[in-house]
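Peer 1: The primary structure of each chain is shown beneath.
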Amino acid sequence: MSADDQPKPLLDIRNLFVQLPRGAERTHAVEDVSYTLNNNEILCVVGESGSGKSITARAIMGLLPAPHVHIDQGTIDFNGESLTTIKESRMREIRGGEISMIFQEPMTALNPVMTIGKQIDEVIRFHTKTRKKHRRQRAVELIDSVHLPDPEHIIRAYPHELSGGQRQRAMIAMALAMEPKILIADEPTTALDVTTQAQILKLIKELQQSHDTGVLFITHDFGVVADIADRVAVMQHGRIVEIGTTDQVLNHPQHPYTQGLMRAVPSLTPPAVRSISSDTELSVNALTKTYKSGGGWFGLGAKERIVHAADNVSIKLHKGETLGVVGESGSGKSTLARCIVRLINAEEGEILYQGVDLRPLNRKEMRPYRSKIQMVFQDPFASLNPRSKVGRIIADGPRVLGVPSAQADKRAREMLELVGLDERAFDRFPHEFSGGQRQRIGIARALALDPEILVADEPVSALDVSIQAQILQLLADIRERLQLSMVFITHDLRVAAQVCDRIAVMRLGKIVEAGPTATLFSDAEHPYTRELLNAVPGKDWHPETATAPLKQDP
Amino acid sequence: MNHTAKRVRYVLKRLLQSIPVVLAILVVNFFLLHLAEGDAADVLAGEAGSATPEYMAQLRQKFGLDKPLPVQLAIYLKNVLSFDLGFSFRHDMPVATLVLDRFIPTLLLMVSTIVIAVGFGIVLGLLAASGLNTWRDNVISIFALITYATPLFWIGLMMIVVFSLKLHWFPTSGMENVAMFYEGWDRVIDIAHHLVMPTITLSLFYLALYTRLMRASMLEQAGMDYVVTARAKGLTERRIVFGHILRNALLPVVTMAGVQVGALIGGSVIVESVFAWPGLGMLAYEALFSRDLNLLLGIFLLSALLVVAINLIVDVIYSFLDPRIEVS
Amino acid sequence: MTFWQLYRRNRSAVLGLLILLTVILMAACASLMFPEDPFRLAGKPMSVPGENGFLLGSDTLGRDVASGIAHGARTSLLIGLLATTVAVLIGAVLGGLAGYYGGWIDDILMRVTEMFQTIPSFLFAILIVAIMKPSIQSIVIAIAVVSWPAVARLVRGEFISLRNREFIQACHSVGMGDIRIMLAEILPNCLSPIIVAGSLMVATAILIESGLSFLGLGDPNIISWGFQIGAGRTVLRSAWWVCTFPGIAILLTVLAINLVGEGLNDALNPRLRERT
Numbered sequence: 001m002s003a004d005d006q007p008k009p010l011l012d013i014r015n016l017f018v019q020l021p022r023g024a025e026r027t028h029a030v031e032d033v034s035y036t037l038n039n040n041e042i043l044c045v046v047g048e049s050g051s052g053k054s055i056t057a058r059a060i061m062g063l064l065p066a067p068h069v070h071i072d073q074g075t076i077d078f079n080g081e082s083l084t085t086i087k088e089s090r091m092r093e094i095r096g097g098e099i100s101m102i103f104q105e106p107m108t109a110l111n112p113v114m115t116i117g118k119q120i121d122e123v124i125r126f127h128t129k130t131r132k133k134h135r136r137q138r139a140v141e142l143i144d145s146v147h148l149p150d151p152e153h154i155i156r157a158y159p160h161e162l163s164g165g166q167r168q169r170a171m172i173a174m175a176l177a178m179e180p181k182i183l184i185a186d187e188p189t190t191a192l193d194v195t196t197q198a199q200i201l202k203l204i205k206e207l208q209q210s211h212d213t214g215v216l217f218i219t220h221d222f223g224v225v226a227d228i229a230d231r232v233a234v235m236q237h238g239r240i241v242e243i244g245t246t247d248q249v250l251n252h253p254q255h256p257y258t259q260g261l262m263r264a265v266p267s268l269t270p271p272a273v274r275s276i277s278s279d280t281e282l283s284v285n286a287l288t289k290t291y292k293s294g295g296g297w298f299g300l301g302a303k304e305r306i307v308h309a310a311d312n313v314s315i316k317l318h319k320g321e322t323l324g325v326v327g328e329s330g331s332g333k334s335t336l337a338r339c340i341v342r343l344i345n346a347e348e349g350e351i352l353y354q355g356v357d358l359r360p361l362n363r364k365e366m367r368p369y370r371s372k373i374q375m376v377f378q379d380p381f382a383s384l385n386p387r388s389k390v391g392r393i394i395a396d397g398p399r400v401l402g403v404p405s406a407q408a409d410k411r412a413r414e415m416l417e418l419v420g421l422d423e424r425a426f427d428r429f430p431h432e433f434s435g436g437q438r439q440r441i442g443i444a445r446a447l448a449l450d451p452e453i454l455v456a457d458e459p460v461s462a463l464d465v466s467i468q469a470q471i472l473q474l475l476a477d478i479r480e481r482l483q484l485s486m487v488f489i490t491h492d493l494r495v496a497a498q499v500c501d502r503i504a505v506m507r508l509g510k511i512v513e514a515g516p517t518a519t520l521f522s523d524a525e526h527p528y529t530r531e532l533l534n535a536v537p538g539k540d541w542h543p544e545t546a547t548a549p550l551k552q553d554p
Numbered sequence: 001m002n003h004t005a006k007r008v009r010y011v012l013k014r015l016l017q018s019i020p021v022v023l024a025i026l027v028v029n030f031f032l033l034h035l036a037e038g039d040a041a042d043v044l045a046g047e048a049g050s051a052t053p054e055y056m057a058q059l060r061q062k063f064g065l066d067k068p069l070p071v072q073l074a075i076y077l078k079n080v081l082s083f084d085l086g087f088s089f090r091h092d093m094p095v096a097t098l099v100l101d102r103f104i105p106t107l108l109l110m111v112s113t114i115v116i117a118v119g120f121g122i123v124l125g126l127l128a129a130s131g132l133n134t135w136r137d138n139v140i141s142i143f144a145l146i147t148y149a150t151p152l153f154w155i156g157l158m159m160i161v162v163f164s165l166k167l168h169w170f171p172t173s174g175m176e177n178v179a180m181f182y183e184g185w186d187r188v189i190d191i192a193h194h195l196v197m198p199t200i201t202l203s204l205f206y207l208a209l210y211t212r213l214m215r216a217s218m219l220e221q222a223g224m225d226y227v228v229t230a231r232a233k234g235l236t237e238r239r240i241v242f243g244h245i246l247r248n249a250l251l252p253v254v255t256m257a258g259v260q261v262g263a264l265i266g267g268s269v270i271v272e273s274v275f276a277w278p279g280l281g282m283l284a285y286e287a288l289f290s291r292d293l294n295l296l297l298g299i300f301l302l303s304a305l306l307v308v309a310i311n312l313i314v315d316v317i318y319s320f321l322d323p324r325i326e327v328s
Numbered sequence: 001m002t003f004w005q006l007y008r009r010n011r012s013a014v015l016g017l018l019i020l021l022t023v024i025l026m027a028a029c030a031s032l033m034f035p036e037d038p039f040r041l042a043g044k045p046m047s048v049p050g051e052n053g054f055l056l057g058s059d060t061l062g063r064d065v066a067s068g069i070a071h072g073a074r075t076s077l078l079i080g081l082l083a084t085t086v087a088v089l090i091g092a093v094l095g096g097l098a099g100y101y102g103g104w105i106d107d108i109l110m111r112v113t114e115m116f117q118t119i120p121s122f123l124f125a126i127l128i129v130a131i132m133k134p135s136i137q138s139i140v141i142a143i144a145v146v147s148w149p150a151v152a153r154l155v156r157g158e159f160i161s162l163r164n165r166e167f168i169q170a171c172h173s174v175g176m177g178d179i180r181i182m183l184a185e186i187l188p189n190c191l192s193p194i195i196v197a198g199s200l201m202v203a204t205a206i207l208i209e210s211g212l213s214f215l216g217l218g219d220p221n222i223i224s225w226g227f228q229i230g231a232g233r234t235v236l237r238s239a240w241w242v243c244t245f246p247g248i249a250i251l252l253t254v255l256a257i258n259l260v261g262e263g264l265n266d267a268l269n270p271r272l273r274e275r276t
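The listed protein sequences derive, respectively, from chains B, D and S.
Numbering-wise (my numbering), the first sequence opens with residue 1 and increments by one.
Numbering-wise (my numbering), the second sequence opens with residue 1 and increments by one.
Numbering-wise (my numbering), the third sequence opens with residue 1 and increments by one.
Everything labelled a hint here was simulated from the structure, so no lab data went into it.
All the pointers check out, no bait thrown in.
Below, simulated SDA-like cross-link-like pairs (lysine to any residue); rule was C-alpha separation at most 25 Å, straight line:
#1 B/Lys202 - B/Phe521
#2 B/Lys364 - S/Met176
#3 B/Lys118 - D/His3
#4 B/Lys372 - S/Met176
#5 B/Lys202 - B/Glu41
#6 B/Lys316 - B/Thr269
#7 B/Lys181 - B/Glu98
#8 B/Lys539 - B/His491
#9 B/Lys389 - S/Ser161
#10 B/Lys319 - B/Gln483
#11 D/Lys166 - S/Pro49
#12 B/Lys129 - D/Thr236
Generate the whole structure from the sequences, applying the supplied hints.
Peer 2: So this is what it looks like as structure tokens:
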């Protein structure tokens with residue numbers, strides 16, 4: 001590739017340094033970053049949290065949280081204009097006019113008290129002198145172009161009246177109002193369900209191609225990269241470690257960091273089948289849990305809503321087996337998990353454990369069974385009491401069950417070692433640990449009671465991909481060593497493929513399909529399962545083969 | 001989906017919700033007042049100087065004070081529903097007449113206070129927040145801090161010393177200069193002249209409250225994601241503040257304005273007694289010391305209704321500002 | 001960083017603490033500085049400040065204004081602290097129960113706080129004191145009765161947001177008892193907002209107390225700043241000092257407590273709260 005056949009890039013970032021305020025962990029959020037973006041291409045910037053990928057995007061838009069965070073050195077050239085030295089009034093013309101941006105959380109990124117129509121109208125009104133009637137017409141066209149139903153109705157709606165995916169579509173319509181040359185998308189699908197994510201990715205690609213837009217797409221998900229990127233830049237600790245075409249980076253990564261990340265991405269191909277005992281450890285039969293909200297006030301209040309969080313759910317968990325429960329948000333998978341550990345009381349059905357139905361037991365009757373079924377939670381920050389020392393958090397469980405204090409403390413120290421933490425963690429507070437370490441503490445707490453069943457509710461979804469791989473490895477080790485049976489709740493089919501022996505797919509409180517992992521992945525019967533599998537980002541990319549040819553390299 | 005219908009439903013719901021509250025207030029006040037030692041008969045008898053037990057019994061029977069408490073309460077509730085608030089023995093007048101007489105001055109004081117406190121509070125909070133950590137912000141914040149800590153009655157007295165006694169700008173007390181027999185616009189101007197100091201006195205504390213709240217609310221909203229979106233759209237800072245942040249920042253201030261109406265009436269007791277403003281607060285103060293129970297009940301009822309009514313107006317305003325009402 | 005290092009960063013909070021300590025010192029030493037009863041006729045009535053041995057003048061009956069202020073500091077602080085303690089205790093217990101259990105307990109509590117918001121609270125306090133006869137006890141009760149709903153709402157809100165956190169669910173999943181969860185797990189996590197709200201409530205309580213005694217509803221046996229101002233009202237024209245100095249005392253004390261409260265807020269609730 002010679003420099004001559006490359007047209008002048010649309011966006012040219014050179015040696016960019018963004019300084020952080022004093023007292024931060026690093027002196028710079030972004031160090032010596034250079035990349036270019038051309039017309040009609042999608043450049044993905046990938047990295048884990050704190051890699052500086054979003055800060056670079058904000059720097060382009062001139063949206064750094066000044067004065068604490070600012071550009072220290074370097075240039076950003078857009079179409080021959082230097083964005084670092086440009087006048088603020090010209091920058092405002094560029095923002096929203098020539099470079100637009102969409103964000104991760106479409107709910108908070110839209111003004112809650114302004115209609116969608118007005119928020120779109122505002123962009124047109126500030127950048128052109130179009131008459132009101134024409135602006136409205138344009139807004140309707142835009143809404144239509146992002147495939148939202150009934151545009152006339154949508155422009156009068158407020159953000160809270162739309163679903164997450166619809167909001168992100170509206171956000172995209174707004175960003176494209178002035179047909180910008182560059183669209184910056186900052187993790188635009190991270191907050192969405194996997195099927196919605198697939199639709200939004202398709203929409204972005206479609207609009208990019210029809211308008212020749214240059215898209216700067218920021219994400220942490222290599223699957224998404226595989227689906228939409230033309231070129232990829234990988235960031236770590238504020239620096240770009242690798243940049244190249246999608247094929248180069250994804251299939252022949254050069255940098256050890258990239259290679260490590262690739263290895264951490266779980267493959268969609270399930271591993272060899274483990275032999276599992278046919279003894280039943282736990283069986284859930286026709287479990288039902290309904291939530292009611294609103295109603296009352298003689299029909300003046302919010303409309304009565306009845307949600308069947310668990311609707312006649314039956315699952316069977318064998319001894320030593322890991323059963324995956326997979327579904328999108330609102331499918332009731334977390335409710336099911338909480339019903340099993342009796343954090344939520346289901347109205348009907350059975351939870352049979354060793355021949356005893358746990359569902360109708362009261363607190364006192366439940367006590368002897370508490371230790372047998374333990375839970376690992378999703379959020380490593382919310383699942384540990386910030387005011388308690390780690391030792392107490394772990395030892396509290398045994399202590400509640402009557403184990404003498406000294407013995408409970410000893411148990412806690414053993415557990416810390418088991419999950420791979422230093423014994424000194426015993427006297428520290430949770431905030432002194434990273435997300436992955438906190439998740440280890442959460443696992444230690446669950447194991448301290450010597451359970452037979454572990455219910456894990458999205459235990460890795462809040463973690464970066466490399467940490468996620470470590471925690472999954474830990475869970476797999478423990479499962480073997482302690483002969484645990486596990487109910488594994490997840491929305492991530494890649495994780496499910498690697499961890500679970502069998503999978504149950506949930507939708508709207510019902511189990512639509514269940515079966516051995518390999519069977520489910522190869523020939524799913526239910527259309528919803530197929531839809532889910534189709535929506536997995538990067539399903540045609542196989543990270544396990546990516547680094548293989550390069551392994552012999554020195 | 002129809003926003004107007006939703007709004008109407010919301011306001012109706014709030015109206016419905018306030019009915020049990022009003023009833024509860026009636027019951028609580030009724031029982032509280034009955035805990036007091038001595039009733040109206042004692043007071044009347046005491047004033048007469050001497051009273052035979054027979055006369056006392058006769059008096060009690062006349063006013064229904066000999067009946068059991070629940071019956072008295074039931075009678076009272078029934079009477080209230082028919083707009084009969086009982087009879088003030090002390091003033092020898094029906095309570096309803098008496099209270100309605102004093103209602104207008106209090107309403108005048110309340111409305112002018114709310115308008116000034118909320119209006120200026122919003123403006124000052126906006127000015128402070130938009131010039132964060134400049135001298136403007138500091139001056140406004142210090143002003144708010146000090147007025148927030150000053151007792152109402154003391155401000156009133158100090159204002160009388162300075163503006164009435166020393167400078168002779170405003171009258172010391174009363175609502176109008178009765179001796180002048182003003183009519184028409186002259187009377188309006190005279191009343192407005194009398195209204196200035198009580199209003200300022202009563203507003204200052206709430207002005208400080210709303211200023212602080214508005215400032216904090218503006219700063220909080222300025223950090224929200226939608227502000228970044230607005231900036232990314234290329235809007236000017238001015239447009240971002242007035243078009244986006246302001247409306248969101250107003251929501252907690254409007255809510256607080258509703259919440260504070262009850263406290264405002266409490267404050268008016270002090271301000272009215274300092275400036276001899278002939279309103280409900282002054283009447284309550286007099287009624288308290290003459291143990292005029294019926295009158296007190298009447299005042300309480302009326303002020304509670306006033307609070308409910310103002311809260312309802314606040315709810316209507318809120319429903320225009322926040323389309324998410326149905327969600328909460 | 002230690003608590004003091006965090007607190008010290010807010011300079012006005014340090015100033016507030018200094019003023020507050022001075023007021024406390026004044027209250028503690030009142031009997032040493034002015035051993036006589038502040039109600040006693042100490043000399044020539046209506047003395048201008050500085051004359052006849054009166055630092056801050058004397059009132060219509062010849063009582064020493066300065067002595068009244070020193071002794072009044074005790075009254076204000078005592079009533080402010082007592083009323084706040086009672087209100088915080090009631091509010092924390094009721095709010096905690098309502099927030100933790102929800103359901104009908106919560107419904108009732110919310111209706112009651114709504115009622116309290118509708119009732120003109122100062123009028124209500126006047127009523128309580130008048131019915132119970134003015135005394136320290138009745139004033140404390142009256143202030144506590146009108147103040148606890150705010151605490152209850154705050155504690156309820158904190159309990160509701162904490163009870164659904166995963167770490168509390170983890171406690172349930174090992175079978176920990178409700179009382180232990182409330183006291184040992186939830187309460188420590190909402191102590192700082194309670195402390196901040198409580199400190200600001202002391203200021204409000206002092207303002208209410210001064211308002212009550214200004215209207216003549218103070219304890220007749222104990223001098224207080226509000227009483228002094230009420231007594232000086234009639235001679236506003238001729239003896240401005242009788243009203244002015246006690247008013248400044250109230251202003252400074254309340255201001256100081258508010259500043260300390262804000263300082264506590266900055267020190268106890270750093271912006272990190274959403275992460276913990």
